[in-house]
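Asks: Listed below, chain by chain, are the residues.
There are 2 protein chains.
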Amino acid sequence: MSNDRYVVGVDFGTLSGRALVVRVSDGAELGSAVYEYPHAVVTDALPAGVALPPEWALQVPQDYREVLRVAVPQAVRAAAVDPAAVVGIATDFTACTVLPTTADGTPLCELPAYADRPHAYVKLWRHHAAQGQADRINELARRRGEAWLPRYGGLISSEWEFAKALQVLEEDPEVYAATERWVEAADWIVWQLCGSYVRNACTAGYKGIRQDGRYPSPEFLAALAPGFARFVVDKLEHPIGQLGEVAGRLTAQAAAWTGLPEGIAVAVGNIDAHVTAPAAQATEPGQLVAIMGTSTCHVMSSTVLREVPGMCGVVDGGIVPGLWGYEAGQSGVGDIFGWFTRTGVPAAYEAEATERGISVHELLTERAAGQAVGEHGLVALDWHSGNRSVLVDHELSGVVVGQTLATRPEDTYRALLEATAFGTRVILETFRDSGVPVSEVIVAGGLTRNRLLMQIYADVTRMPLSVLASEQGPALGAAIHAAVAAGAYPDITTAAKAMGRVARAAYLPDEERAAAYDELFAEYLTLHDYFGRGTNPVMKRLKEIRRSAMAAAGRKEN
Amino acid sequence: MSNDRYVVGVDFGTLSGRALVVRVSDGAELGSAVYEYPHAVVTDALPAGVALPPEWALQVPQDYREVLRVAVPQAVRAAAVDPAAVVGIATDFTACTVLPTTADGTPLCELPAYADRPHAYVKLWRHHAAQGQADRINELARRRGEAWLPRYGGLISSEWEFAKALQVLEEDPEVYAATERWVEAADWIVWQLCGSYVRNACTAGYKGIRQDGRYPSPEFLAALAPGFARFVVDKLEHPIGQLGEVAGRLTAQAAAWTGLPEGIAVAVGNIDAHVTAPAAQATEPGQLVAIMGTSTCHVMSSTVLREVPGMCGVVDGGIVPGLWGYEAGQSGVGDIFGWFTRTGVPAAYEAEATERGISVHELLTERAAGQAVGEHGLVALDWHSGNRSVLVDHELSGVVVGQTLATRPEDTYRALLEATAFGTRVILETFRDSGVPVSEVIVAGGLTRNRLLMQIYADVTRMPLSVLASEQGPALGAAIHAAVAAGAYPDITTAAKAMGRVARAAYLPDEERAAAYDELFAEYLTLHDYFGRGTNPVMKRLKEIRRSAMAAAGRKEN
Numbered sequence: 178m179s180n181d182r183y184v185v186g187v188d189f190g191t192l193s194g195r196a197l198v199v200r201v202s203d204g205a206e207l208g209s210a211v212y213e214y215p216h217a218v219v220t221d222a223l224p225a226g227v228a229l230p231p232e233w234a235l236q237v238p239q240d241y242r243e244v245l246r247v248a249v250p251q252a253v254r255a256a257a258v259d260p261a262a263v264v265g266i267a268t269d270f271t272a273c274t275v276l277p278t279t280a281d282g283t284p285l286c287e288l289p290a291y292a293d294r295p296h297a298y299v300k301l302w303r304h305h306a307a308q309g310q311a312d313r314i315n316e317l318a319r320r321r322g323e324a325w326l327p328r329y330g331g332l333i334s335s336e337w338e339f340a341k342a343l344q345v346l347e348e349d350p351e352v353y354a355a356t357e358r359w360v361e362a363a364d365w366i367v368w369q370l371c372g373s374y375v376r377n378a379c380t381a382g383y384k385g386i387r388q389d390g391r392y393p394s395p396e397f398l399a400a401l402a403p404g405f406a407r408f409v410v411d412k413l414e415h416p417i418g419q420l421g422e423v424a425g426r427l428t429a430q431a432a433a434w435t436g437l438p439e440g441i442a443v444a445v446g447n448i449d450a451h452v453t454a455p456a457a458q459a460t461e462p463g464q465l466v467a468i469m470g471t472s473t474c475h476v477m478s479s480t481v482l483r484e485v486p487g488m489c490g491v492v493d494g495g496i497v498p499g500l501w502g503y504e505a506g507q508s509g510v511g512d513i514f515g516w517f518t519r520t521g522v523p524a525a526y527e528a529e530a531t532e533r534g535i536s537v538h539e540l541l542t543e544r545a546a547g548q549a550v551g552e553h554g555l556v557a558l559d560w561h562s563g564n565r566s567v568l569v570d571h572e573l574s575g576v577v578v579g580q581t582l583a584t585r586p587e588d589t590y591r592a593l594l595e596a597t598a599f600g601t602r603v604i605l606e607t608f609r610d611s612g613v614p615v616s617e618v619i620v621a622g623g624l625t626r627n628r629l630l631m632q633i634y635a636d637v638t639r640m641p642l643s644v645l646a647s648e649q650g651p652a653l654g655a656a657i658h659a660a661v662a663a664g665a666y667p668d669i670t671t672a673a674k675a676m677g678r679v680a681r682a683a684y685l686p687d688e689e690r691a692a693a694y695d696e697l698f699a700e701y702l703t704l705h706d707y708f709g710r711g712t713n714p715v716m717k718r719l720k721e722i723r724r725s726a727m728a729a730a731g732r733k734e735n
Numbered sequence: 178m179s180n181d182r183y184v185v186g187v188d189f190g191t192l193s194g195r196a197l198v199v200r201v202s203d204g205a206e207l208g209s210a211v212y213e214y215p216h217a218v219v220t221d222a223l224p225a226g227v228a229l230p231p232e233w234a235l236q237v238p239q240d241y242r243e244v245l246r247v248a249v250p251q252a253v254r255a256a257a258v259d260p261a262a263v264v265g266i267a268t269d270f271t272a273c274t275v276l277p278t279t280a281d282g283t284p285l286c287e288l289p290a291y292a293d294r295p296h297a298y299v300k301l302w303r304h305h306a307a308q309g310q311a312d313r314i315n316e317l318a319r320r321r322g323e324a325w326l327p328r329y330g331g332l333i334s335s336e337w338e339f340a341k342a343l344q345v346l347e348e349d350p351e352v353y354a355a356t357e358r359w360v361e362a363a364d365w366i367v368w369q370l371c372g373s374y375v376r377n378a379c380t381a382g383y384k385g386i387r388q389d390g391r392y393p394s395p396e397f398l399a400a401l402a403p404g405f406a407r408f409v410v411d412k413l414e415h416p417i418g419q420l421g422e423v424a425g426r427l428t429a430q431a432a433a434w435t436g437l438p439e440g441i442a443v444a445v446g447n448i449d450a451h452v453t454a455p456a457a458q459a460t461e462p463g464q465l466v467a468i469m470g471t472s473t474c475h476v477m478s479s480t481v482l483r484e485v486p487g488m489c490g491v492v493d494g495g496i497v498p499g500l501w502g503y504e505a506g507q508s509g510v511g512d513i514f515g516w517f518t519r520t521g522v523p524a525a526y527e528a529e530a531t532e533r534g535i536s537v538h539e540l541l542t543e544r545a546a547g548q549a550v551g552e553h554g555l556v557a558l559d560w561h562s563g564n565r566s567v568l569v570d571h572e573l574s575g576v577v578v579g580q581t582l583a584t585r586p587e588d589t590y591r592a593l594l595e596a597t598a599f600g601t602r603v604i605l606e607t608f609r610d611s612g613v614p615v616s617e618v619i620v621a622g623g624l625t626r627n628r629l630l631m632q633i634y635a636d637v638t639r640m641p642l643s644v645l646a647s648e649q650g651p652a653l654g655a656a657i658h659a660a661v662a663a664g665a666y667p668d669i670t671t672a673a674k675a676m677g678r679v680a681r682a683a684y685l686p687d688e689e690r691a692a693a694y695d696e697l698f699a700e701y702l703t704l705h706d707y708f709g710r711g712t713n714p715v716m717k718r719l720k721e722i723r724r725s726a727m728a729a730a731g732r733k734e735n
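Chains A and B are the protein sequences, given in the same order.
Heads up: the first sequence is residues 178 to 735, going by our numbering.
Heads up: the second sequence is residues 178 to 735, going by our numbering.
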């Protein structure tokens, strides 16, 4: 035991940061601690009191440092290991979560001159107030036929670096002018740890429109807004670090914060979803990891570069160096189930769940689990939050077909579970049809607890389903990166084999159910194309009608 | 006052009979009484203990006589009128509710030899176990191009006289052989009152396939089943009475039951929906009455005979003598709202409704009423119980399009209200497009209490909505028939003008809302045709899949 070495992975989520101490030799998770951000998500008003418009979502960077100061030492104590035996630390972050800093990495919001300026703060991934800017970026890129656009399924998100930066320029030119670096929080936290700024390949590619070593051109940027022409050159461009590499060494100050030895390896930053791949031992080409929560993020490495319709992005070294990292997504999954459970289930169900000490989800799942495939007579489209992959259309919406007076809440619930599985199957088939093979599906995230859902996914996709066997996938993945950065393993794949954990083929497809689902999937596909590919754009028109009606009534969209 | 004369209308519903005493001169409703059938609807086992298969729904004829014995004298007492001043009585009945009797009108189930034979009892309108027989009738009629089929929108119902009789023949030939008359309950109760059997033109036409004075031919019947060839000749055919005519005079026995004077006029029988037309003063050509309850029945007279697609039936003198009576229907209306309210509304809503002492319907209506047209972003199809008019397809089912995570129960509720209004508009437009003008819409039934629903119907149809101003439309309509039979008025229309009551143009369409609804109706129509006219028969396939799945799992459809 005295020879054991350890690494720390720190997962920066939306509301809290989690530190996890892991043994280098086998990935054993020895202790963890969570620190909730005191400012959580800032949506209504700045700490200084300034009110925020709708769709804003900010964070306060000091909250992130506190995770290092509080959660890391707590986790080390909980693990009961000698801090001196910790050889590396790595982080992962939500993305695109981005902030303006000075050249030395000081967040503008920490300068007294800017403390009351909303645009000086961290823009959280779910800050959605730059939609206008994103629309213009997309429109211009389509018109100019920008080569990078197909790498993102034809659509740049309002959540990403360029749309958010353009919003700063147009709404607070002073803050924009004072911004010397436009930094992903994933890289900023690494900068805090090692004192040097390294831009990681993952966020630069997926969120920063870096493709083939280049960014959108000055001409493109100038066409968006004259003052934006030098954005890349002045504020964004920076040497790239590959995943698993050393970004630098733990500074004395960061050693003091964390209680870890000064000088240990600090790994290049990463995104929470993508770093889950090594935790699930899914770094080989064709191993698709679905991180299933309120939404689902799919990440997969491949040896080939193809333009797969409707991907969120394909990035060189986006998951592991040397391979093309593909990302796809389903905009709504768990949040659809949550919405239905909150708004569509009668009192008697809630009462029974309460009485039995289970959740309404569990009750509905239990009742739905006894059904044969197709028994509910329904087929649904899982587009309540739009459709990211493969239709890339946030104006789509949900559908349920087949309800009768005999339809019960558990019927609709099961139809919604199935709809998201059908959505996953569309993504898998699109990968294959585009020449990007998928050899295995590994699931991670909170929804893996629902065994019915998992079995439905296995049956619908007709593939064995492997399950990440850790409750702390991202933090474990970060710890694996830390071990690689510390030199304990030659590369991420080798480290993942030793330290990752997966229950291989935990759910096997049943051929009879799979055949029955083929019939329902055919119905889903017909409706998918009818509503989603322009035959009947009723959903867009309904949203337009809704917006007009609400505007005329003087109401904000809820 | 001493010169006032009175009539009694008796409305035989599904669970009870209601007697209403009405003043002849002005239709004033003076007193009423309800008698609940002791046997209600017999679905599980006969009174004698014999178990019934699924889909059966029987009644016990003695329950109907008890209405005469109990409710009629009670109503007369409640009205505080002199029984001697009552000049006529009329009845209306659910239909097709039909029973086998001997030549003197004795129900076979009242003969000890048949008391334990299910087929000897009254088959209530919603006995649905003759679907197989109905399917064969339709298939054969289509193949032979029977001229009467288009008069029924191309589809005979399993609820009607022929399907139910064929079921008796095939499942209990002895009972069939013992059946000397196959009698509508609407006529049987009149027979009980006046001692003579008169077959009314309304049920004979709508439920008995009587068209142009003829029934389906012996050749047709023989092709269905050899033993069925003489069904019309032996058991069904009988002299026809027109609506409002005298069927006979109250017998001594019926006078003893009811406490009414022997020898007063007994009117020809009628159907509850159709008799509502005179109560609503809607007997002129083009006045469409929508009786809105769990389902909606539309009745309208016209001078012209046209084959209107998807009608339930068109019958010479079906509503008033001398005009063509059209009947259309929406299979599900109030029962869709009821289903949603029972199964799709969360505990918090139920708690608020309870606390405020209102129904969940009222709460949802109140919340939905504040919305602008289209604000909910939804469009629904109202086919949870299939679609009668104009698609004539009971394999269709419900759809909701446009749900997002912001969709609330009141949004879906309002979309369902609107869907039924769109369904009504399709019927109105089909009448007009077929050359049968609709000049006015009058609504009746329990749903008229929902003011939001009424306003939506006015806005969606862009027509002023008149409302029957009586809570007891069918019984009032029957009383009007009684007055005509008693000779107090020359015809039903004249009597209706004096005795019926309607709030004319109680709801006026708002042009702005009507224009907004035009947009949503266009979406409804597109989906209506896509799902309902064969472009995508997904609903039929889902029902087929459901049936197979349930059969394989050994479960009965619920």
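One thing to keep in mind: the hints can contain errors.
If several chains are the same, the list does not tell them apart, and a pair holds so long as it fits within one copy or across any two.
Stated by the list, open to error - Once the Cα atoms are required to be at most 25 Å apart in a straight line, the calculated DMTMM-like pairs of lysine to aspartate or glutamate come out as:
#  : residue 1 : residue 2
1  : Lys-674   : Glu-572
2  : Lys-717   : Glu-316
3  : Lys-412   : Asp-687
4  : Lys-717   : Asp-706
5  : Lys-720   : Glu-323
6  : Lys-674   : Asp-389
7  : Lys-674   : Glu-543
8  : Lys-720   : Asp-706
9  : Lys-720   : Glu-617
10 : Lys-412   : Glu-439
11 : Lys-412   : Glu-484
12 : Lys-674   : Glu-213
13 : Lys-717   : Glu-414
14 : Lys-674   : Asp-512
15 : Lys-717   : Asp-512
16 : Lys-412   : Glu-396
17 : Lys-674   : Glu-348
Everything labelled a hint here was simulated from the structure, so no lab data went into it.
On a predicted model such as this, the values are computed, not experimentally measured, just so you know.
Asks: All the hints need checking, so say for each whether the structure fits it.
Replies: Taking the hints in turn, this is what the structure says about them:
{"no.": "1", "hint": "Lys-674 <-> Glu-572", "in the structure": "neither (41 Å within a copy, 54 Å between copies)"}
{"no.": "2", "hint": "Lys-717 <-> Glu-316", "in the structure": "within (18 Å within a copy, 42 Å between copies)"}
{"no.": "3", "hint": "Lys-412 <-> Asp-687", "in the structure": "neither (54 Å within a copy, 56 Å between copies)"}
{"no.": "4", "hint": "Lys-717 <-> Asp-706", "in the structure": "both (14 Å within a copy, 19 Å between copies)"}
{"no.": "5", "hint": "Lys-720 <-> Glu-323", "in the structure": "neither (29 Å within a copy, 48 Å between copies)"}
{"no.": "6", "hint": "Lys-674 <-> Asp-389", "in the structure": "neither (29 Å within a copy, 85 Å between copies)"}
{"no.": "7", "hint": "Lys-674 <-> Glu-543", "in the structure": "neither (36 Å within a copy, 60 Å between copies)"}
{"no.": "8", "hint": "Lys-720 <-> Asp-706", "in the structure": "both (19 Å within a copy, 22 Å between copies)"}
{"no.": "9", "hint": "Lys-720 <-> Glu-617", "in the structure": "neither (37 Å within a copy, 34 Å between copies)"}
{"no.": "10", "hint": "Lys-412 <-> Glu-439", "in the structure": "neither (30 Å within a copy, 103 Å between copies)"}
{"no.": "11", "hint": "Lys-412 <-> Glu-484", "in the structure": "neither (29 Å within a copy, 74 Å between copies)"}
{"no.": "12", "hint": "Lys-674 <-> Glu-213", "in the structure": "neither (31 Å within a copy, 75 Å between copies)"}
{"no.": "13", "hint": "Lys-717 <-> Glu-414", "in the structure": "neither (37 Å within a copy, 58 Å between copies)"}
{"no.": "14", "hint": "Lys-674 <-> Asp-512", "in the structure": "neither (32 Å within a copy, 59 Å between copies)"}
{"no.": "15", "hint": "Lys-717 <-> Asp-512", "in the structure": "within (21 Å within a copy, 30 Å between copies)"}
{"no.": "16", "hint": "Lys-412 <-> Glu-396", "in the structure": "within (16 Å within a copy, 91 Å between copies)"}
{"no.": "17", "hint": "Lys-674 <-> Glu-348", "in the structure": "neither (48 Å within a copy, 70 Å between copies)"}
Hints 1, 3, 5, 6, 7, 9, 10, 11, 12, 13, 14 and 17 from the list above are not met by this structure, while the remaining hints are.
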